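Engineer: The primary structure of each chain is shown beneath.
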Amino acid sequence: MQTATPLTFADAAEHHLDDVFGYLLYLTRDRATADDLAGATFEKALRQWSRFDPKRGTARTWLLGIARTTALDAFRADSRRKKREEAAAEPEAREADFVVGLSPALQTALATLSAGEREVLALRIVIELDGDQTARVLGFSPTAVSTRLNRALTKLEEKVRNDDLR
Amino acid sequence: MTSAELITELHATRPAADGALRERVRAIAAAEPVRRSSPFARLSRYSPRRFALVVVPAMAVALLAVAGVAGLLGSGSQPGVEAIRSDLSSQSATAPGTTTNPTRELAPQLKAGTSAADAATPAPTIGRAQRYSAQLTLSVKNIDALSDATQRALRITRDLGGYLVTASYATTDSGTSLLTLKVPTASVQQAIVRLSDLGKIVGQQIQIDDLQGQVDELTKRENGLRLQIARLSARLSAPGVDAETRATLEARRDAARSELAKVRQTNAQVAAEARFATIQLTLQTSESSAVVPVPSRFDNAVDRAVEILAIEATVVLYALVIVGPLALLALLVWLAQRGLRRRQDEHLLSSP
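Residue numbers (numbering that gives the first Met the number 0), protein chains in the order written: chain A, 0 to 165; chain B, 0 to 351.
Please note that a few of the clues may not be correct.
No farther apart than 20 Å at their CA atoms in a straight line, the calculated lysine to any residue pairs in the SDA-like style are these [said to hold, decoys possible]:
no., chain 1, residue 1, chain 2, residue 2
1, A, K43, B, S2
2, A, K154, B, Q343
3, A, K82, B, A19
4, A, K82, B, Q343
5, A, K158, B, P351
6, A, K154, B, A26
7, A, K54, B, R49
8, A, K81, B, R130
9, A, K82, B, Q129
10, A, K158, B, R49
11, A, K82, B, S349
12, A, K81, B, Q343
13, A, K154, B, A3
14, A, K158, B, A3
15, A, K82, B, R340
16, A, K154, B, P351
17, A, K81, B, H346
18, A, K154, B, T7
19, A, K81, B, D344
20, A, K43, B, A26
21, A, K154, B, L5
22, A, K43, B, R23
23, A, K43, B, A19
24, A, K81, B, R340
25, A, K154, B, A19
26, A, K43, B, A30
27, A, K158, B, A26
28, A, K43, B, I27
29, A, K158, B, S2
30, A, K54, B, A51
31, A, K81, B, S2
32, A, K154, B, E8
33, A, K158, B, D344
34, A, K154, B, V305
Simulated from the structure, these hints should not be mistaken for lab results.
Note that the structure is a prediction, hence the values are computed from the model and not measured.
So that you can see chain B by itself, here it is in the shape it has in the complex:
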């Protein structure tokens, strides 16, 4: 018998269920409940793989949507923004174009709102040559107040024997007045106190450089040169000096005189620098200091959405870190059980 004949015979004698079994199965089928097309019944038909293929992207979209909606809802006026803005304005009160260098700061910066009387302005040391520089930033109410404060600052400077070096005054919606003032060093403390009264202090820097060592050195050099010139003059006036020696001595005396002139000039400059303190006064209206870019509603929405996305990502990451190993373990157990079951099945089916 060939394979074809075997197949024909097997196919021809296809078994059929007897009547009793057929009736029993019909009785079973008669108990079939009405199949309702509920969403849960439909969901139960999906395999876990198909379910995951739908659920995972749906979850991702839902998380994005939550972040977007929350971002839009939270994009209005945020509590604390005004407070932050005003805080920034008080911190960034330095006028445009001026820079402050904290490393140069010797005196402590005054906090905004500190009264001038309370200002611990360091005084120059009497009897020592010192370069005294101060930067003072004041806030005034409006442009009228700015103009008035500028006038008064110039008057105070003149009253104390000082003078104006540079002035810059600009107004649009807001205003800024930048003044560089020279005030006798002896009166600088008084000048700062009086100038501070012109507005609200929003910044102050004072730097003191000691010049006394330089002055002493120059004075010593000057005296040495004078002595040298006197000695040279004495030798030249002495009898018996030959022509060649005379020429040499005269050249040396001329060089000493020239150097003396330079030293005296430098000494005078240093002394003048020490006599007058430099005050850079910045006056600005409150409005100009309050110009802080206000984020738009769209920016707020994006920022808020990004924040929420970051939180969601953190939560998902935590969940993965915690659930991941457990899920992997469960998968391994399931695979092992499945493999074992298949081997058992093979074993069961291997016997006749």
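Bound conformation, chain A alone:
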């Protein structure tokens, strides 16, 4: 669903906060982290708001792009921190039910996907961006987005089926 381009930053933030948060939640699988990153995203977006050009894309894709950059910067900083603390080998505990209302089987299956696969699912299915918009946010070609989405869905389906069989 395409939202009309808001005129003010406050409007844009109000309209697209759920999209940004949802994307970050799927990416991080942690509500607290997604919450922090969403706040950081809007702070960064406010600083760059004067550079936003509605002719080049919607506010939603622009905000999601900033959210992705913010998340990746955080991942990078986190990775460096882990390396320094030599704790990289220990997997960080994530919330088992990071999305409220999802079946446990789907929650578990989602946890087995890579962050890259989850972000495509979030953008294309949960937030309902089209292929071109998703490609713009991720910096891939639309074909690559489609390929990654199919792979993620297939993987997810298999995981859920295997879980049901058990």
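Chain B: place on chain A using the hints.
Structural biologist: Relative to the frame of chain A, chain B by itself:
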């Protein structure tokens, strides 16, 4: 569970931000500054690619405009043009229709303004037959002076025992008088000095060809033929010459006589050529020598604009040569960093 069911469930459980986050974001948004539509803010929205698409043609147009405006401003009277014009006029003072051949020049050309007294006019060698040719170009003030100088040139020629061969006198706004004069070679130096006084010397060429060798050869041939004729006549007058021999000897004597006549004629021509020097005198008014096409204002503007464009092109080329490799290096570094960053991102996103 099928893919369709998965999608339905994922979509149905779309996450929403909680109230605390929403309030925090509202607080952030409340700090939004008033968005002023300043030109700089508008410019900052353009990507470097779009910026380059506008800036590069704009720069090209600006450079062309600068060249055009500078060309128009500098198209008036240019300093030095008058000086160049007068210099050209003094250099191109040869009358229309006359040509000078520097390779034939023996004597040094006199510079404009040199007085006749100072003229280092080479003299013919006494006792040797020589063909003496001189070309003298003089500038006079106006048409009245031209007429007077022409009359005086003819008088000088007659006084020195010479004569006029050809004359061409033409006047319109300016005037030119072309005279071919024959002057006794013995008096040629005096003639040139006196003729030079008729105006300002703007050109002089003197050529001397030695004819003495040719004269000596012809004289020797003439003497040989005379001797041959005398011998033949002697044999013919001797007794006992049969008819056939007589006929042969008479034919040979007639041929020798005929050849002698030709040699004598040629010798006389050469001697006459050596006796009289040829002076080609060109008299012209100053105005006629000053006729140099004056470039129009438009031509000046175009010339000036082209000059400035050439300078601009040189500067741009230098800048490209110097900045180009650095820009290429920067681009390569940027591309490498971008690629590395993408790989890092992929790596970061590859884990669950």
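Engineer: Are the hints correct? Go through all of them and say.
Structural biologist: Hints, verified against the model:
Under the criterion of a C-alpha separation no larger than 20 Å, the hint pairing K43/A with S2/B is inconsistent with the structure, at around 36 Å. Proposed proximity of K154/A and Q343/B is contradicted: the alpha carbons are some 23 Å apart, above 20 Å. With a C-alpha separation of about 33 Å, the suggested pairing of K82/A with A19/B is violated against the 20 Å cut-off. With a C-alpha separation of about 15 Å, the suggested pairing of K82/A with Q343/B holds against the 20 Å cut-off.
Of the pairs offered as hints, the one joining K158/A and P351/B holds, with about 14 Å between alpha carbons and a cut-off of 20 Å not exceeded. At roughly 40 Å between alpha-carbon atoms, K154/A and A26/B are farther apart than 20 Å, so this suggested pair is violated. A C-alpha spacing of about 13 Å is found between K54/A and R49/B, which places the hinted pair at or below 20 Å, so the restraint holds. Between the alpha carbons of K81/A and R130/B the distance comes to roughly 110 Å, so the proposed pair goes past 20 Å and is violated.
Restraint check: the Cα-Cα separation between K82/A and Q129/B comes to about 109 Å, which exceeds 20 Å; the hinted pair is violated. At most 20 Å may separate the alpha-carbon atoms for a hinted pair to count; K158/A and R49/B exceed this at roughly 46 Å. In summary, the hint linking K82/A to S349/B is supported, as the alpha carbons are separated by about 17 Å, within the 20 Å threshold. Pair hint K81/A plus Q343/B holds up; C-alpha atoms about 15 Å apart against a cutoff of 20 Å.
With a C-alpha separation of about 14 Å, the suggested pairing of K154/A with A3/B holds against the 20 Å cut-off. Only pairs whose Cα atoms come within 20 Å are accepted, and K158/A paired with A3/B is accepted, the gap being roughly 15 Å. For the suggested pair K82/A and R340/B, the alpha carbons sit about 18 Å apart, so the restraint of at most 20 Å is met. Pair hint K154/A plus P351/B holds up; C-alpha atoms about 13 Å apart against a cutoff of 20 Å.
A hinted pair counts as satisfied when its Cα atoms are at most 20 Å apart, and K81/A with H346/B qualifies at roughly 15 Å. A C-alpha spacing of about 16 Å is found between K154/A and T7/B, which places the hinted pair at or below 20 Å, so the restraint holds. A C-alpha spacing of about 16 Å is found between K81/A and D344/B, which places the hinted pair at or below 20 Å, so the restraint holds. Between K43/A and A26/B the CA atoms are separated by roughly 14 Å; this keeps the pair inside 20 Å, and the hint holds.
Restraint check for K154/A and L5/B: satisfied, since their Cα atoms lie roughly 11 Å apart, inside the 20 Å limit. With a CA separation close to 14 Å, the supplied pair K43/A and R23/B stays within the 20 Å bound. Note on K43/A and A19/B: the hinted pairing holds, with a Cα-Cα distance of about 19 Å set against a maximum of 20 Å. As the CA atoms of K81/A and R340/B are separated by approximately 19 Å, the hinted pair is consistent with the 20 Å bound.
Distance restraint check for K154/A and A19/B: the Cα-Cα separation of roughly 35 Å exceeds the 20 Å cut-off, and the hinted pair is therefore not satisfied. Between the alpha carbons of K43/A and A30/B the distance comes to roughly 12 Å, so the proposed pair stays at or under 20 Å and holds. A C-alpha spacing of about 41 Å is found between K158/A and A26/B, which places the hinted pair above 20 Å, so the restraint is violated. Note on K43/A and I27/B: the hinted pairing holds, with a Cα-Cα distance of about 10 Å set against a maximum of 20 Å.
With a CA separation close to 12 Å, the supplied pair K158/A and S2/B stays within the 20 Å bound. Distance hint between K54/A and A51/B is fulfilled; the C-alpha atoms sit about 18 Å from each other, no more than 20 Å. Among the hinted pairs, K81/A with S2/B is inconsistent with the structure: their alpha-carbon atoms are about 36 Å apart, more than 20 Å. Our distance criterion of 20 Å between C-alpha atoms is met by K154/A and E8/B, whose separation comes to about 16 Å.
Between K158/A and D344/B the CA atoms are separated by roughly 25 Å; this puts the pair beyond 20 Å, and the hint is violated. In summary, the hint linking K154/A to V305/B is not supported, as the alpha carbons are separated by about 69 Å, beyond the 20 Å threshold.
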